[in-house]
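Read off the chains here:
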Amino acid sequence: QKEVEQNSGPLSVPEGAIASLNCTYSDRGSQSFFWYRQYSGKSPELIMFIYSNGDKEDGRFTAQLNKASQYVSLLIRDSQPSDSATYLCAVNHNYGQNFVFGPGTRLSVLP
Amino acid sequence: GAVVSQHPSRVICKSGTSVKIECRSLDFQATTMFWYRQFPKQSLMLMATSNEGSKATYEQGVEKDKFLINHASLTLSTLTVTSAHPEDSSFYICSAKAVNEQFFGPGTRLTVL
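Top to bottom, those sequences are chains A and B. If you're matching positions, the first sequence starts at 7 in the numbering used here and goes up one per residue. If you're matching positions, the second sequence starts at 904 in the numbering used here and goes up one per residue.
Since the hints were derived computationally from the structure, they do not count as laboratory data. In this text the structure is predicted, and so the values were computed from the model without any measurement. Heads up, the beta-carbon is just placed ideally off N, CA and C, and yes, glycines get one too. Careful: at least some of the hints might be erroneous.
[Stated by the list, open to error] Cut-off 30 Å, straight-line C-alpha distance, at most; resulting in silico cross-link-like pairs (DSSO-like, lysine-lysine):
id: 1; chain 1: A; residue 1: K62; chain 2: B; residue 2: K917
id: 2; chain 1: A; residue 1: K73; chain 2: B; residue 2: K958
id: 3; chain 1: A; residue 1: K48; chain 2: B; residue 2: K944
id: 4; chain 1: A; residue 1: K48; chain 2: A; residue 2: K62
[Claimed, not checked] Just the calculated beta-carbon pair ranges, DEER-fashion:
id: 5; chain 1: B; residue 1: L929; chain 2: A; residue 2: S114; range: 18 to 26 Å
id: 6; chain 1: B; residue 1: T1014; chain 2: A; residue 2: S114; range: 21 to 29 Å
id: 7; chain 1: A; residue 1: Y45; chain 2: B; residue 2: N954; range: 25 to 33 Å
id: 8; chain 1: B; residue 1: L929; chain 2: A; residue 2: N72; range: 32 to 40 Å
id: 9; chain 1: B; residue 1: K917; chain 2: A; residue 2: D61; range: 27 to 35 Å
id: 10; chain 1: B; residue 1: K917; chain 2: A; residue 2: N13; range: 26 to 34 Å
id: 11; chain 1: B; residue 1: K917; chain 2: A; residue 2: S18; range: 36 to 44 Å
id: 12; chain 1: B; residue 1: A975; chain 2: A; residue 2: G22; range: 47 to 55 Å
id: 13; chain 1: A; residue 1: S14; chain 2: B; residue 2: T934; range: 45 to 53 Å
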């Protein structure tokens, strides 16, 4: 069983809509959770992180964490064509070790 | 966020040669750096974890004698691909850990002819 799972997509949404990206993880001891965005041919860039259950908002982005259900999601409001990219979910099992990345979900925002 | 640089950004070499890639954390000290490889349309694959002043920890299936990692200081880690072959052509990305966050370098695209 993969440690971090994501729907590979592509997920297509119209411009202006809300894009919802989901991620599940297997290790209940996971402490911190990250969302990265990767444009084609570029390296990943950190969008936001979340440590506690609930929602965390940053501009058009909202991360949601539910440790009991072992899932973390990313909502992108007012999606723009420039949001089209692959979104990687990463989980840190404890603060001293590597992050485990999901395979990524490809998002396509249609103008 | 913190800045991580990589050099070179792109390299083309002949089969059998060695290539060194540098990864630097520019505005913070990183006791731990990671090296990833990403083939086209595939996800990131962790190759090794590099800790300053100690030997790197390699993931299963990654040849440590082929991919030499040196983390000589808190701001610099290098990856040397020895005797590169066409199948080593890939996008190599380093990242540096700052407290509880991980920041990526811009990547190095290696093409072995």
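Verification of the hints:
1. A:K62 / B:K917: 48 Å, violated
2. A:K73 / B:K958: Violated, because 34 Å separates the two Cα atoms, which is more than 30 Å.
3. A:K48 / B:K944: 12 Å, holds
4. A:K48 / A:K62: 26 Å, holds
5. B:L929 / A:S114: 18 to 26 Å: About 33 Å separates the Cβ atoms of L929 (chain B) and S114 (chain A), which means 18 to 26 Å is violated.
6. B:T1014 / A:S114: 21 to 29 Å: Holds - the Cβ-Cβ distance for T1014 (chain B) and S114 (chain A), about 28 Å, lies within 21 to 29 Å.
7. A:Y45 / B:N954: 25 to 33 Å: 30 Å, holds
8. B:L929 / A:N72: 32 to 40 Å: 36 Å, holds
9. B:K917 / A:D61: 27 to 35 Å: 53 Å, violated
10. B:K917 / A:N13: 26 to 34 Å: 41 Å, violated
11. B:K917 / A:S18: 36 to 44 Å: Holds: the Cβ-Cβ distance is about 42 Å, inside 36 to 44 Å.
12. B:A975 / A:G22: 47 to 55 Å: 50 Å, holds
13. A:S14 / B:T934: 45 to 53 Å: 34 Å, violated
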